[in-house]
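**Q** Just need the whole structure built from these sequences, with the hints factored in.
The chain contents come next:
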Amino acid sequence: MKYNLWFGVYDGKEVKLSENFEESFLKAENPSPLPFNVSELGMQVLGEDYYQILRKTALQVSEKQVERELRREDRYVVALVKALEEIDEAINMLSEKLMDIKAVKESDITESFESKIGELKELRREVEREIEEVMRKIAPNMTELVGAKIAAKILERAGSMERLVRLPASKIQVIGAEKSLYKAFARMRRGKKAKIPKHGIIFLHPFIRTLPKSKRGKMARFLAAKLAIAAKIDYFRGEVDESLYESIRKRYEELRRK
Amino acid sequence: MRELMRNVYLKDGTLVTKSRYGSHYGEKVFGGFREWIPWRSKLAAMILKGHRLKLRGDEKVLYLGAASGTTVSHLADIVDEGVIYAVEYAAKPFEKLLELARERNNIIPLLLDASKPWKYSGIVEKVDLIYQDIAQKNQIEILESNAEFFLKKGGEIVIMVKARSIDSTAEPEEVFESVLKKMREKFEIISHGTLMPYHRDHIFIHAASRRKAKTF
Ligand SMILES: C[S@@+](CC[C@H](N)C(=O)[O-])C[C@H]1O[C@@H](n2cnc3c(N)ncnc32)[C@H](O)[C@@H]1O
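Top to bottom, those sequences are chains R and P. Residues 5 to 262 in the numbering used here are what the first sequence spells out, letter by letter. Residues 853 to 1068 in the numbering used here are what the second sequence spells out, letter by letter.
Derived from the structure by calculation, the hints contain no laboratory data. Glycine included, each C-beta is placed from N, C-alpha and C at the ideal position. Worth double-checking, as some hints may not be accurate.
Said to hold, decoys possible - Pairs of lysine-lysine, BS3-like flavour, derived with a Cα cap of 30 Å: (1) R:K68 with P:K971; (2) P:K968 with P:K1014; (3) P:K971 with P:K944; (4) R:K60 with P:K971; (5) P:K971 with R:K31; (6) R:K60 with P:K948; (7) P:K1033 with P:K948; (8) R:K153 with R:K120; (9) P:K1005 with R:K68; (10) R:K120 with R:K175; (11) R:K262 with R:K68; (12) R:K262 with R:K175; (13) P:K968 with P:K1038; (14) R:K141 with P:K880; (15) P:K1014 with P:K1033; (16) P:K880 with R:K31; (17) P:K948 with R:K236; (18) R:K141 with R:K153; (19) R:K31 with P:K1014; (20) P:K944 with R:K60; (21) P:K989 with R:K60; (22) P:K968 with R:K6; (23) R:K68 with P:K968; (24) R:K86 with P:K1038; (25) P:K901 with P:K989; (26) R:K20 with P:K1005; (27) R:K141 with P:K948; (28) R:K86 with R:K60; (29) P:K944 with R:K17.
To be verified - To give an idea of the chain R side of the interface with chain P (calculated C-beta under 8 Å), a few residues: (30) Y7; (31) N8; (32) N41; (33) Q69; (34) V70; (35) L74; (36) G221.
**A** Written out as structure tokens, the structure is:
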């Protein structure tokens, strides 16, 4: 019988000490309860420091695991953004129906509609808060640049942080405008003139929206380039780089003055 | 000031643990004590309702469902010469638990699924106490398998049961009855009770192992 222990492998007689505790810690699985106490055996091998070594190993392993797990939270955001869109649709649909009903007759039922719509709006706020919270954690730089809402929508379209960091800035720039982009290409293939869209979701950003039309393309290109960098920092390091926001604000001021 | 358990006191009507550490979850800290908030910690509620655990301070504890470490932090004050293996599978609360584990030297944090005890069978030793607060439908099965892997002969168990997570449609009383019945098949019940007014529709069950001596 062989026992996999966090500090090595035990064959019932001898312990083969692991060369890398973090590795053996992750492989310390056994199909059934051990017929001995792992800490007693461990103290024979590692001495009095047994618990300190165990604690250090557990901390190192779980610090890495938690980081990896948190990155998986990008899928959570993707699901939340999708849900948010559905909630919006439901709110719009119910509001329309409510108006239709009201137009014909004022009745008690309209109050029920109103309270349901109110509940949905509250749910919407909750989902938004959650998105904001998770985005601040998994994509602090993107959130800093364009806010949690836009950043989350971009992430949703990309599908995951992993895919997002592989997108070129030119793609990020038109994310969310795919439909008009394909239409334009289709027209061009048919030899017709077409306008290529210059911005997708990022158009929602005030730094683009508040510029004169002629300058929006430039700003969109700049912002997309910075977003691409921000996504990479978020994914690979996770620390906030203040200079990113500074640079887009400067560019915005420049374009506005020109 | 009245001592209720090792390192647990009632100080001017407030439950506290003796601690040399700072605040972990917003609880007040004063003169070497940390306020133990019963609305935040079910173990605190259980103690305030008059139930005690006999702890010497050097126990080995397996804690299932550690979350961000609210209760773990106080339990670590109590078993200050022991070790707590703190299992939690959600990364978000675990981050906070990690902060706690970095500060204390008697907490071993494990980001693992408590329903798979074999995965940590080569890490966790035989323990004196299993504490479980995981709010899962199959929490008793999870408890049983962990007890089989890790509970010493004569070891004790404390579990928190939330009626709604076992069965969201049945009456809480019915749920608790069936949970107690299941528990009696495997363990010796020491005591049980509600956590009102601190936690609605929750009970705690304090039990002990009933197994024959093993080789360890
Ligand atoms: C009610 S909270 C625990 C609160 C904590 N015991 C305290 O008092 O500070 C339940 C926790 O159990 C965790 N949990 C649920 N099922 C689990 C499982 N199978 N393995 C590990 N953790 C689990 C949840 O992620 C959640 O953090």
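**Q** Now tell me, hint by hint, if it's right for this structure.
**A** Against the structure, the hints come out as follows:
With a CA separation close to 18 Å, the supplied pair K68 (chain R) and K971 (chain P) stays within the 30 Å bound. For the hint pairing K968 (chain P) with K1014 (chain P), the CA-to-CA distance comes to about 21 Å; that is within 30 Å, so the pair holds. Note on K971 (chain P) and K944 (chain P): the hinted pairing holds, with a Cα-Cα distance of about 21 Å set against a maximum of 30 Å. Pair hint K60 (chain R) plus K971 (chain P) holds up; C-alpha atoms about 19 Å apart against a cutoff of 30 Å.
About 8 Å separates the Cα atoms of K971 (chain P) and K31 (chain R), which keeps this hinted pair within 30 Å; it holds. Simply put, K60 (chain R) and K948 (chain P) have alpha-carbon atoms about 17 Å apart, close enough for the 30 Å limit, and the pair holds. Taking the CA atoms of K1033 (chain P) and K948 (chain P), the gap is near 36 Å; set against the 30 Å cutoff, the hint is violated. Of the pairs offered as hints, the one joining K153 (chain R) and K120 (chain R) holds, with about 24 Å between alpha carbons and a cut-off of 30 Å not exceeded.
Between K1005 (chain P) and K68 (chain R), the direct Cα distance comes to roughly 35 Å. Violation of the 30 Å bound is thereby established for this hinted pair. Between the alpha carbons of K120 (chain R) and K175 (chain R) the distance comes to roughly 39 Å, so the proposed pair goes past 30 Å and is violated. For the hint linking K262 (chain R) to K68 (chain R), the alpha-carbon distance of about 48 Å lies beyond 30 Å, and the restraint is violated. Simply put, K262 (chain R) and K175 (chain R) have alpha-carbon atoms about 27 Å apart, close enough for the 30 Å limit, and the pair holds.
A distance of roughly 19 Å separates the Cα atoms of K968 (chain P) and K1038 (chain P); the hinted pair therefore holds under the 30 Å criterion. With a CA separation close to 27 Å, the supplied pair K141 (chain R) and K880 (chain P) stays within the 30 Å bound. A C-alpha spacing of about 16 Å is found between K1014 (chain P) and K1033 (chain P), which places the hinted pair at or below 30 Å, so the restraint holds. At roughly 41 Å between alpha-carbon atoms, K880 (chain P) and K31 (chain R) are farther apart than 30 Å, so this suggested pair is violated.
Restraint check for K948 (chain P) and K236 (chain R): satisfied, since their Cα atoms lie roughly 25 Å apart, inside the 30 Å limit. Note on K141 (chain R) and K153 (chain R): the hinted pairing holds, with a Cα-Cα distance of about 14 Å set against a maximum of 30 Å. For the proposed pair K31 (chain R) and K1014 (chain P), the alpha carbon gap of about 33 Å is over 30 Å, so the pair is violated. For the given pair, K944 (chain P) sits about 21 Å from K60 (chain R) by alpha-carbon distance, which is consistent with the 30 Å threshold.
With a CA separation close to 33 Å, the supplied pair K989 (chain P) and K60 (chain R) exceeds the 30 Å bound. For the hint pairing K968 (chain P) with K6 (chain R), the CA-to-CA distance comes to about 19 Å; that is within 30 Å, so the pair holds. Proposed proximity of K68 (chain R) and K968 (chain P) is supported: the alpha carbons are some 20 Å apart, at most 30 Å. Distance restraint check for K86 (chain R) and K1038 (chain P): the Cα-Cα separation of roughly 46 Å exceeds the 30 Å cut-off, and the hinted pair is therefore not satisfied.
At roughly 25 Å between alpha-carbon atoms, K901 (chain P) and K989 (chain P) fall within 30 Å of each other, so this suggested pair holds. Note on K20 (chain R) and K1005 (chain P): the hinted pairing holds, with a Cα-Cα distance of about 29 Å set against a maximum of 30 Å. As the CA atoms of K141 (chain R) and K948 (chain P) are separated by approximately 13 Å, the hinted pair is consistent with the 30 Å bound. With a C-alpha separation of about 41 Å, the suggested pairing of K86 (chain R) with K60 (chain R) is violated against the 30 Å cut-off.
With a C-alpha separation of about 41 Å, the suggested pairing of K944 (chain P) with K17 (chain R) is violated against the 30 Å cut-off. Hint status for Y7 (chain R) relative to chain P: holds, with the closest Cβ pair at about 7 Å, below 8 Å. Given hint, N8 (chain R) at the interface with chain P, holds; its Cβ is 5 Å from that chain's nearest Cβ, closer than 8 Å. Of the supplied interface hints, the one on N41 (chain R) holds, with its beta-carbon coming within about 5 Å of a beta-carbon of chain P, less than 8 Å.
For Q69 (chain R), the interface hint holds, since its Cβ comes within 8 Å of a Cβ in chain P; the closest pair sits about 5 Å apart. Below 8 Å, beta-carbon pairs count as interface contacts, and V70 (chain R) has one with chain P at about 5 Å; its hint therefore holds. Checking L74 (chain R) against chain P by beta carbon gives a least distance of about 5 Å; that is within 8 Å, so the hint holds. A distance limit of 8 Å between C-beta atoms decides the matter here; for G221 (chain R) the minimum to chain P is near 40 Å, and the interface restraint is violated.
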